[in-house]
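Enquirer: What follows is each chain in one-letter form.
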Amino acid sequence: MHEWALAESILVSVQQIAEQEHLQSVSEITIRVGALQQIEPSILQFALKQMSEGLLKGVKFRILKAKSTLKCRVCGATWQYSSKKLGKADAEAIHFVPEAAHTYIKCPKCGSPDFEIASGRGVWLEDIKGVK
Amino acid sequence: MIDPRTSIIGERLAKTRRIVAISSGKGGVGKSMVASALALSLARVGFRVGLFDADFTGPSTHIILGIPKDVQPKEDKGLVPAEVEGITYMSLVYFVGDKPAPLRGVDVSNALIELLAITQWGKLDFLIIDMPPGIGDAVLDLVRLAKKIEFLIITTPSLLAFEVVKKQVALLCELKMPIIGIVENMKRDNSNIIEKETEKLGLRYLGAAAFDQKVEAAIGNPTKLLDTAIGEATEKLEKGLGYKKGNSDAL
Numbered sequence: 009m010h011e012w013a014l015a016e017s018i019l020v021s022v023q024q025i026a027e028q029e030h031l032q033s034v035s036e037i038t039i040r041v042g043a044l045q046q047i048e049p050s051i052l053q054f055a056l057k058q059m060s061e062g063l064l065k066g067v068k069f070r071i072l073k074a075k076s077t078l079k080c081r082v083c084g085a086t087w088q089y090s091s092k093k094l095g096k097a098d099a100e101a102i103h104f105v106p107e108a109a110h111t112y113i114k115c116p117k118c119g120s121p122d123f124e125i126a127s128g129r130g131v132w133l134e135d136i137k138g139v140k
Numbered sequence: 013m014i015d016p017r018t019s020i021i022g023e024r025l026a027k028t029r030r031i032v033a034i035s036s037g038k039g040g041v042g043k044s045m046v047a048s049a050l051a052l053s054l055a056r057v058g059f060r061v062g063l064f065d066a067d068f069t070g071p072s073t074h075i076i077l078g079i080p081k082d083v084q085p086k087e088d089k090g091l092v093p094a095e096v097e098g099i100t101y102m103s104l105v106y107f108v109g110d111k112p113a114p115l116r117g118v119d120v121s122n123a124l125i126e127l128l129a130i131t132q133w134g135k136l137d138f139l140i141i142d143m144p145p146g147i148g149d150a151v152l153d154l155v156r157l158a159k160k161i162e163f164l165i166i167t168t169p170s171l172l173a174f175e176v177v178k179k180q181v182a183l184l185c186e187l188k189m190p191i192i193g194i195v196e197n198m199k200r201d202n203s204n205i206i207e208k209e210t211e212k213l214g215l216r217y218l219g220a221a222a223f224d225q226k227v228e229a230a231i232g233n234p235t236k237l238l239d240t241a242i243g244e245a246t247e248k249l250e251k252g253l254g255y256k257k258g259n260s261d262a263l
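As they're listed, the protein sequences go chains A and B.
The opening residue of the first sequence carries number 9 in this note's numbering; numbering runs sequentially from there.
The opening residue of the second sequence carries number 13 in this note's numbering; numbering runs sequentially from there.
A portion of the hints provided could be inaccurate.
[Stated by the list, open to error] Coverage of chain A stretches by chain B, computed from C-beta distances (three or more under 8 Å per stretch; other residues unrestricted):
{"id": "1", "segment": "61-74"}
{"id": "2", "segment": "105-111"}
{"id": "3", "segment": "125-134"}
These are computed hints drawn from the structure, not numbers from a lab.
Glycine included, every Cβ here is placed at the ideal spot set by N, Cα and C.
Only chain B is shown next, with the shape it has when bound in the complex:
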């Protein structure tokens, strides 16, 4: 018995120039905020951007972006993601709503494969993936299924978070996965310890977002989010991604 779904995933993602997984070994570091703000920042300067919330058991990008409940994907030989704030958007919340989705590893893999197989992303400059915390099923499956994937790693200034990030970096290096760099979120002082530790790992330090009390009030409001320290950091990240506009029509 053969599962045919994985055969089509490469084709579904073929017109996406770059796939960027916003990831961290540790939870609570602001991955979803950075993923949402980065998608918004890229869309606002004219890139074609998709955002896929792969944190199935704790999805939150729909709340951060304030996506209205009546904005739904459309059926057309699969699912065509809805467009929100210039971003094509897909999440498991379209199927489970606000209810819990208690999924074990095999279920996470199956749901991920299903959504990758049926979502018609079309032409994109960037597909930003908001990853679940850790180095479990979603990371391993995306490494296997999304051949172009690159990782952007988020940490906080806490060495506790960074110790877990180091494990993730070690795994990704072992798997020979490209790592764009590390972003420090919720920075509270002038310490450069994370920057130094990042350099020790041989990775690029892509900047910091200061702890900003405005972030909480910006939940549900994309314009306000871009006006926070996270928004400022993701606008600068555009250069860190090392990608120039244009030519996506050639895909």
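Extracted from the complex, chain A is given alone in its bound form:
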């Protein structure tokens, strides 16, 4: 599962931050997942729990969703990404590498593939609660 690779990167990243910030314990990690990558929160949650160890064992993971906004660089139109308008294979390609969106999605107003992924691309760490 692709979510496992991303979960691993989250745990390594949190571990590094905890060391830098001299955290003695971590109680809660907030993760935001953008709509474009279509990460399944339940799989990510399961992977995070399965792989947590040491300082992160038993930590609470909050996984929040974010809409993905795309903005055309040619005509300036903005729109929300939805995988429903795509075929299964195309949506899956974007799931693995969100930049594949430039191959499968066009601006709904002018038809250009030259758009910016303005928000909600992938997975990012939003907050780490811990005690120093």
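With chain A held as given, fit chain B onto it using these hints.
Expert: For chain B alone, kept in the frame of chain A given last:
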């Protein structure tokens, strides 16, 4: 907000002994041919070799190697690259197919980080990276993210190509990146001007591949590719890389 993906890249590449970027400031000099032939040559003498096509807007190693469309990476806690001709292989073409991928700099960086973060290369003696032309995002990102990276530079006999290569060498020296040497591709006569110019830069001249009309006919056929001047040059390069077999199990 923190992007967690870059944290895992070091670990993904930890079991790779050497990362060799086949690079050139100039396009059209034969980087993909050399990268493919070098990966094949190394695999055929028993090295564990990965090939990563980082030329996202113009990928071609899958065509050079004749990779069948049904050969795909497998999902297992990330993506496990498919094995082709003894080479573990990854490319953006698995996600965009034969369609264009019009990516700007930020998108190139993001796609590169994503693939480096999710690809499970496993143990490798060599990870060969087919770089896009120039000294843009992919070069700067790989320098930042793949700490062990070394550069093998390709040029043609044209001084026009070499002038651009010189800029790349200057940048890599400024960034304190190791340069294995320079390979001259599509050599048409006995001129040694590129060899002399390479020496002036203080770099190793690792040999030449003569212009060979058989190369075009070898596209899609790895055995034929190794039977061309490029194949002969990359077989000799194995020594130029200065690496002896063995001990990768210790990783």
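Enquirer: Would you mind marking each hint as holding or not holding in the structure?
Expert: Hint by hint, here is what the structure shows:
1. 61-74: violated (count 0)
2. 105-111: holds (count 6)
3. 125-134: holds (count 7)
Checked against the numbered hints above, the structure violates only hint 1.
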